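Q: Protein chains in written order, with numbering that gives the first Met the number 0: chain A, 0 to 340; chain B, 0 to 340; chain C, 0 to 340; chain D, 0 to 340.
Worth flagging that the hints you see were computed from the coordinates, not collected in a lab. Here the structure is a predicted model, which means the values were calculated and not measured. A few of these clues could be false.
Identical copies look the same in the list; a pair holds intra-copy or inter-copy alike.
What the hints assert, rightly or not - With a straight-line Cα cutoff of 20 Å, these simulated SDA-like cross-link-like pairs (lysine to any residue) come out:
| id | residue 1 | residue 2 |
| --- | --- | --- |
| 1 | Lys-118 | Gly-266 |
| 2 | Lys-244 | Thr-263 |
| 3 | Lys-117 | Asp-67 |
| 4 | Lys-336 | Asp-289 |
| 5 | Lys-244 | Thr-77 |
| 6 | Lys-90 | Gly-294 |
Below, each chain spelled out in residue letters.
4 protein chains.
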Amino acid sequence: MSDLRIAVLGVGMMGADHVARIAGRISNARVAVVNDYLSERAEEIAASVPGARVVGDPLDAIADPDVDAVVLATPGPTHEKQLLACLEHGKPVLCEKPLTTDVETSLAVVKREAELGKKMIQVGFMRRFDHEYAQLKALIDGGEFGEPLMLHCAHRNPAVPPSFDSAMVVRDSLVHEVDVTRFLFGEEIASIQIIMPAPNPAAPQGLADPQLAIMRTESGKLVDVELFVTTGVAYEVRTELVGEKGSAMIGLDVGLVRKGAPGTWGGRITPGFRERFGQAYDTEFQRWVDAVRNGENVDGPDAWDGYAAAAVCEAGVESLHSGRPVEVQIVDPDSIKGFRK
Amino acid sequence: MSDLRIAVLGVGMMGADHVARIAGRISNARVAVVNDYLSERAEEIAASVPGARVVGDPLDAIADPDVDAVVLATPGPTHEKQLLACLEHGKPVLCEKPLTTDVETSLAVVKREAELGKKMIQVGFMRRFDHEYAQLKALIDGGEFGEPLMLHCAHRNPAVPPSFDSAMVVRDSLVHEVDVTRFLFGEEIASIQIIMPAPNPAAPQGLADPQLAIMRTESGKLVDVELFVTTGVAYEVRTELVGEKGSAMIGLDVGLVRKGAPGTWGGRITPGFRERFGQAYDTEFQRWVDAVRNGENVDGPDAWDGYAAAAVCEAGVESLHSGRPVEVQIVDPDSIKGFRK
Amino acid sequence: MSDLRIAVLGVGMMGADHVARIAGRISNARVAVVNDYLSERAEEIAASVPGARVVGDPLDAIADPDVDAVVLATPGPTHEKQLLACLEHGKPVLCEKPLTTDVETSLAVVKREAELGKKMIQVGFMRRFDHEYAQLKALIDGGEFGEPLMLHCAHRNPAVPPSFDSAMVVRDSLVHEVDVTRFLFGEEIASIQIIMPAPNPAAPQGLADPQLAIMRTESGKLVDVELFVTTGVAYEVRTELVGEKGSAMIGLDVGLVRKGAPGTWGGRITPGFRERFGQAYDTEFQRWVDAVRNGENVDGPDAWDGYAAAAVCEAGVESLHSGRPVEVQIVDPDSIKGFRK
Amino acid sequence: MSDLRIAVLGVGMMGADHVARIAGRISNARVAVVNDYLSERAEEIAASVPGARVVGDPLDAIADPDVDAVVLATPGPTHEKQLLACLEHGKPVLCEKPLTTDVETSLAVVKREAELGKKMIQVGFMRRFDHEYAQLKALIDGGEFGEPLMLHCAHRNPAVPPSFDSAMVVRDSLVHEVDVTRFLFGEEIASIQIIMPAPNPAAPQGLADPQLAIMRTESGKLVDVELFVTTGVAYEVRTELVGEKGSAMIGLDVGLVRKGAPGTWGGRITPGFRERFGQAYDTEFQRWVDAVRNGENVDGPDAWDGYAAAAVCEAGVESLHSGRPVEVQIVDPDSIKGFRK
């Protein structure tokens, strides 16, 4: 089966990230087409990926026969038209949030997809794929903590661009917690209230920051969200689930921490070497593949490292038997003809 | 540039992991050839990867013109011969530890590679690619903690197979800390001592477990390693660096924790959304690519999720202006013709 | 200067704790008088403390010339009368919360004390004396985190008695966060809202649990408090301060954890042996004093422990010079005439 | 029963701490006599404690009929003579480490006490009274982790006085881990080895720092101790117990953290308000007693704080019923005649 040929529409910061992701870290896919309303930008990004070409019109890119699927990272106002084009051409599309910029057009897109009878749209709420959110979801679904009751969330950015306004705090930041709530609780949100404390003195004039959002789901679960986009600290996203029989917090930079009967707090130890070093193996292989493919020297441990380890282990086994310190015997590398470190 | 065509030799547990890794998570590479001394096993694994075929003899696999590079996951005693074949054919090889099973043959491999004048061998000490070890290395190289003085390590397995003996604790477990020491300190190990406490009552008769290894580097840095392979708990690998101006520990399941002047402990907050959610984006894309390629329904957030988020945010913005709770208006999904959740 | 002679009024669970505290852990004070509306209970508690006697009427206890100060642990409805009596007799009083059971009588007590021109009443909001709250207060007052903006609090009990009702969640639990807010922010609370999610299925019928309280101070700082009294887990009290330049959380069972620029999280290492082992020294001395006073054998480390330590250290110093393992020489304790461990 | 009358011999830094401890934090005891070889220092310290007087000769202080018990904080070389005097006079003595400065005199003291047939000496190994070590001891004795196998310890000081030499690292620092080992394992130490890495460049010339001590107990348990007294960071004392069925670490500034089956790490939540706020209650009472006794204004929450809390709670209960935000009604404090904050 050949690689999935993807058109990436919109290659600003986010779209360019996705191009690099597909080209360098995603298996079985390649960037076939790049499009941006700034043609120079499109050319620049396409040039960075072997086999990618620019198509100047987004609808042409969608319709292109050499495109199997579409990634939409264009500005929100263009989404409706582009999504509908994807639907008409039967092209699966991964659409960065928002789906569209208002409720009516979003509903129109939902309806058209339903009429066509095939799910073709995925929205880029990436937190569902984060391993900590996945753990939280599994904890809820496993039933161990009983009925989920509340979420306490914090969404903090160190800074935002000057153009960021109070409504964008809701539309661009809170929207993630909206999806997290719906994902974790599996039900719709019935009402929402935004409460504004005295603003952060360091926030730009006119920006309501921080905000406290209170959401209530259909069955009465409560979610409170601190939204604070001018902290000056770092990117912090935290979610605490409060359940009938325990609570769990993610986003503390220490893994999922849970509290439960019999009065203990803590986390899970990574159970095996695959979980502990899976990322390391992937990185090792990707870097080795990239170096070999480019004809570069690999920069990982080399034969000398393997030899040195063997020498130490041999001495170690000798010490295991004798109980005494043992000198390690390693040849002088300069004595090896042609050796370069 | 086309994908790197890899021969995987030895597809036991580890080799099979590597086959799945290359096929499903590594970009720009594919498994071209599979080899195993058990031909049925080789067939089974090859069948799981489109485009892979079995080659019955490992040396033939190495020599195969459709093979650009080799992954060696065969038993240690076969490594010497296979590595030398890779060298002769100029095939870059990623060799699972050990390089070879004794010091003399390891040195012979080093010498042959040096004679040929080109680095072609990488050894699978994957910890160098783990992000926590990389952070520790960066901390040392950055000089912030001054001169590194000591490492305290623990290497714990919940259990080992019945065949595991006292020397394998050194050769298979300690070997990783040997490489970690050489990697972090950038110098050779000069002597080693294995000290044995009273054995764990739960360890198999005859297995010296736990062990305490004391290694000293050329410049006099000390490394102590607890080796304990029958803990019954989990896979735990921990390394603490003690430097002139501070200390740092990894492997506590809470990220790198450092202690330093002015008397504080703690870690770094993931600085941005790329670091915090990079894994989520990668997973999102890989799963979307795989689903689309296989003609399956994507299982991520769909158009309805995008619509529902829009409806909540619209109500949120209204509350932002009014300060009051606002009901969220969502249409009945059953009213949408053809809609399926 | 002689010990402060205290009358403890009300010796239920809380008052009895205070009697034991004064008798066994507080220096320069003693329990002179015990009073309870259950005379048998008063006798029982008084009998546990040398030098304490029962006085049957609380107002007589307050007036008693051998009483210098009063601790009030009686039921709330009796507080007003007893506090006014303390004021009339000029007896300083430490009054367990609530001051009185309603706003009018509380104000009447405030007014009477003001008329008399001397502060004589302290209310038992003990969190102000907790070292973690003190650290949070110092952090705010130090100005390092700039303007304080919000508090996120959680107040969780594993269970409450059957008589506990929804209003008691506010009056008995939330009241602590009310005082914490006023203490940390140094201003009054201007408004409050209680929001109720769907109740915990495990909570008694009719009890609104959990609750979410939203308080706003005069200057517009926001405080949200999760109140949850049927968690089944443990006693959890957590407070997170969000400031202009950083945030800090206490009550995680790991000390105060702060986040701030430059994007780090963590805590303070106990800076010296006094802070690290101050509690140990106090406990050591109190237990030694109590044992010696009662003519009991002390149970701390004895002369043999001192001797054994000397023997090990002597061998250690020898190893320091020789670099070799040294056997420790300890005499057979049975060879010592009269020796008992 | 009257207070225990204590003579404190030696009022340098440590002895002066103990005088303040007995006078201000220990119940049922008082400092009756102060002695120091610097008479001015003795006078100064005695003057800080009501009822204490100076006795110029340490043996006279021990013999004094108004002295019930002795605290020895004099230099080590004087201990033997003073301890023997305590024994002869039948005075219980709490002796700061070391018992004496060499093994022979320590043994002589042990023998004399044994001859007299009564335990009168306690040595100041205060860690046995630290709540974290007590938890570790309870964990071992409870048997939950099976047979204890090893301890990994670190003992770090930010700095030491210029007079501190390599042997003092053993005698003054390691000695605590010697006692901890004997306390936790309940057996004697059979051998010891000191290993010296390349010294810390920041350590004074000639000081072997850091050191690594390896101790083996009679039954073969191993203890390794990092001794590092010029870290520049803080006072760090850490102990990790490795047992047959789990491990636990204290001294991380986050409470006791344990790892065990089924592959989890974590700690215990403080189970109730007594454990969580016991220190706060004690501090509250001691500070209130001290203020009242000295005729000072108490600085804890006052009647106004009680009134303000009542006003907020009343509004909270109203909101509980209405579900709406409720304004808090608080009178203007300036309207209260005579009111002072």
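Q: Is it within, between, both or neither when you check Lys-90 against Gly-294 at 20 Å Cα-Cα?
A: between (37 Å within a copy, 11 Å between copies)
Q: Tell me, please, which holds for Lys-244 and Thr-263 at an alpha-carbon limit of 20 Å: within, between, both or neither?
A: both (12 Å within a copy, 18 Å between copies)
Q: When no copy is specified for Lys-336 and Asp-289, does a C-alpha distance of 20 Å or less occur within a copy, between copies, both, or neither?
A: neither (29 Å within a copy, 49 Å between copies)
Q: When Cα atoms must be at most 20 Å apart, do Lys-118 and Gly-266 count as within-copy, between-copy, both, or neither?
A: Cα proximity of Lys-118 and Gly-266: none, with 37 Å in one copy and 43 Å across.
Q: When no copy is specified for Lys-244 and Thr-77, does a C-alpha distance of 20 Å or less occur within a copy, between copies, both, or neither?
A: neither (46 Å within a copy, 38 Å between copies)
Q: Since the copies are identical, ignore which copy is meant and state whether Lys-117 and Asp-67 lie within 20 Å (CA to CA) inside a copy, between copies, both or neither.
A: within (16 Å within a copy, 41 Å between copies)
Of the numbered hints listed earlier, those contradicted by the structure are 1, 4 and 5.
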